[in-house]
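Enquirer: Sequence lines, in order, name chains D and L.
Counting from 1, one number per residue, gives the positions in the first sequence under this note's numbering.
Counting from 1, one number per residue, gives the positions in the second sequence under this note's numbering.
To be clear, the hints were calculated from the coordinates, so they are not data collected in a lab.
Cβ atoms here follow ideal geometry from the backbone N, Cα and C, with glycine treated the same way.
Hints may contain errors.
Said to hold, decoys possible - Computed spacing ranges between beta-carbons, pair by pair:
no., chain 1, residue 1, chain 2, residue 2, range
1, L, Glu54, D, Asn30, 22 to 32 Å
2, D, Leu80, L, Glu82, 31 to 41 Å
3, L, His10, D, Glu14, 30 to 40 Å
4, L, Thr111, D, Pro65, 41 to 51 Å
5, D, Lys3, L, Glu54, 19 to 29 Å
6, L, Pro70, D, Ala66, 39 to 49 Å
7, L, Glu82, D, Thr5, 26 to 36 Å
8, L, Pro95, D, Asp11, 33 to 43 Å
9, L, His10, D, Ser74, 29 to 39 Å
10, D, Phe39, L, Leu61, 25 to 35 Å
11, L, Asp1, D, Gly15, 23 to 33 Å
12, D, Ala66, L, Thr13, 49 to 59 Å
13, D, Ala66, L, Lys9, 40 to 50 Å
Letter by letter, the chains look like this.
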Amino acid sequence: LAKTTQPISMDSYEGQEVNITCSHNNIATNDYITWYQQFPSQGPRFIIQGYKTKVTNEVASLFIPADRKSSTLSLPRVSLSDTAVYYCLVGVGDDKIIFGKGTRLHILP
Amino acid sequence: DSGVTQTPKHLITATGQRVTLRCSPRSGDLSVYWYQQSLDQGLQFLIQYYNGEERAKGNILERFSAQQFPDLHSELNLSSLELGDSALYFCASSPRFESYEQYFGPGTRLTVT
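Chain D extracted, bound-state conformation:
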């Protein structure tokens, strides 16, 4: 199971683009990179998943460099409602899933 490292917390302002980087130096060939969002007292919400290069959906973009040792979740034009904890997971799901501490994103008005 690839270990991930994310910033503990980040602050940003409404309307800004927010980039959260996750480091995963020992990512395996078959591993995917998955990001979740969690609001207090709610279940985590699947945001995006990718293997390489760039993935985009209606919520976010995921940038993965060629060496795949890190990834960046990009949230365009954030609002106050994007204040949440964001988790980066790396693996294929064939092992015990570890969510870690995540990144507490605080959006300011």
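Dock chain L against the given chain D, drawing on the hints supplied.
Expert: Relative to chain D, chain L alone:
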């Protein structure tokens, strides 16, 4: 709304008691996962079932057990409850055998007094 339902939403019980939490996965999803989230431990994976069979075990205590029924709903049984078992319990489902793309339910908040 993820499509995953959990009942009950809240549960208050006393130490030493036994409770059952119920989860209905999204339509078509064969995998069900159970998680425990407490303030000091974060989100902990407990156990996974796939199409009725136990597939993976995480940090699940021997006092806890789970099963997945033929209609794919799942139940998590917690017995001999202790104060430290107070937590949010989440169920998640996935269409695949092994995947980090999971869809979480709203959770059951268990309070042990």
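Enquirer: Evaluate the given range 39 to 49 Å for the C-beta pair formed by Pro70 (chain L) and Ala66 (chain D).
Expert: Holds - the Cβ-Cβ distance for Pro70 (chain L) and Ala66 (chain D), about 46 Å, lies within 39 to 49 Å.
Enquirer: When you take the CB atoms of Ala66 (chain D) and Lys9 (chain L), is the distance between them in 40 to 50 Å?
Expert: Since the Cβ atoms of Ala66 (chain D) and Lys9 (chain L) sit about 46 Å apart, the hinted range of 40 to 50 Å holds.
Enquirer: Go ahead and decide if the range 22 to 32 Å is satisfied by the Cβ distance of Glu54 (chain L) to Asn30 (chain D).
Expert: 23 Å, holds
Enquirer: Starting from the range 19 to 29 Å, see whether the pair Lys3 (chain D) and Glu54 (chain L) falls in it by beta-carbon distance.
Expert: Cβ of Lys3 (chain D) to Cβ of Glu54 (chain L): about 26 Å, so the range 19 to 29 Å holds.
Enquirer: Given a hinted range of 29 to 39 Å, is it respected by the beta-carbon distance of His10 (chain L) and Ser74 (chain D)?
Expert: Cβ of His10 (chain L) to Cβ of Ser74 (chain D): about 37 Å, so the range 29 to 39 Å holds.
Enquirer: Should the hint that Asp1 (chain L) and Gly15 (chain D) are 23 to 33 Å apart at their CB atoms be regarded as holding?
Expert: With Cβ atoms ~28 Å apart, the hint holds.
Enquirer: Has the hinted range 41 to 51 Å been met by the Cβ atoms of Thr111 (chain L) and Pro65 (chain D)?
Expert: 45 Å, holds
Enquirer: Per the hint of 33 to 43 Å, is the separation of the Cβ atoms of Pro95 (chain L) and Asp11 (chain D) within bounds?
Expert: 36 Å, holds
Enquirer: For the hint 25 to 35 Å, verify it against the beta carbon of Phe39 (chain D) and that of Leu61 (chain L).
Expert: Holds - the Cβ-Cβ distance for Phe39 (chain D) and Leu61 (chain L), about 27 Å, lies within 25 to 35 Å.
Enquirer: Glu82 (chain L) and Thr5 (chain D), beta-carbon distance inside 26 to 36 Å?
Expert: 33 Å, holds
Enquirer: Given a hint of 30 to 40 Å, does the C-beta separation of His10 (chain L) and Glu14 (chain D) actually sit inside it?
Expert: 33 Å, holds
Enquirer: Verify the CB-CB distance for Leu80 (chain D) and Glu82 (chain L) against the hinted window 31 to 41 Å.
Expert: Distance hint for Leu80 (chain D), Glu82 (chain L) holds at roughly 38 Å.
The structure meets every hint from the earlier list without exception.
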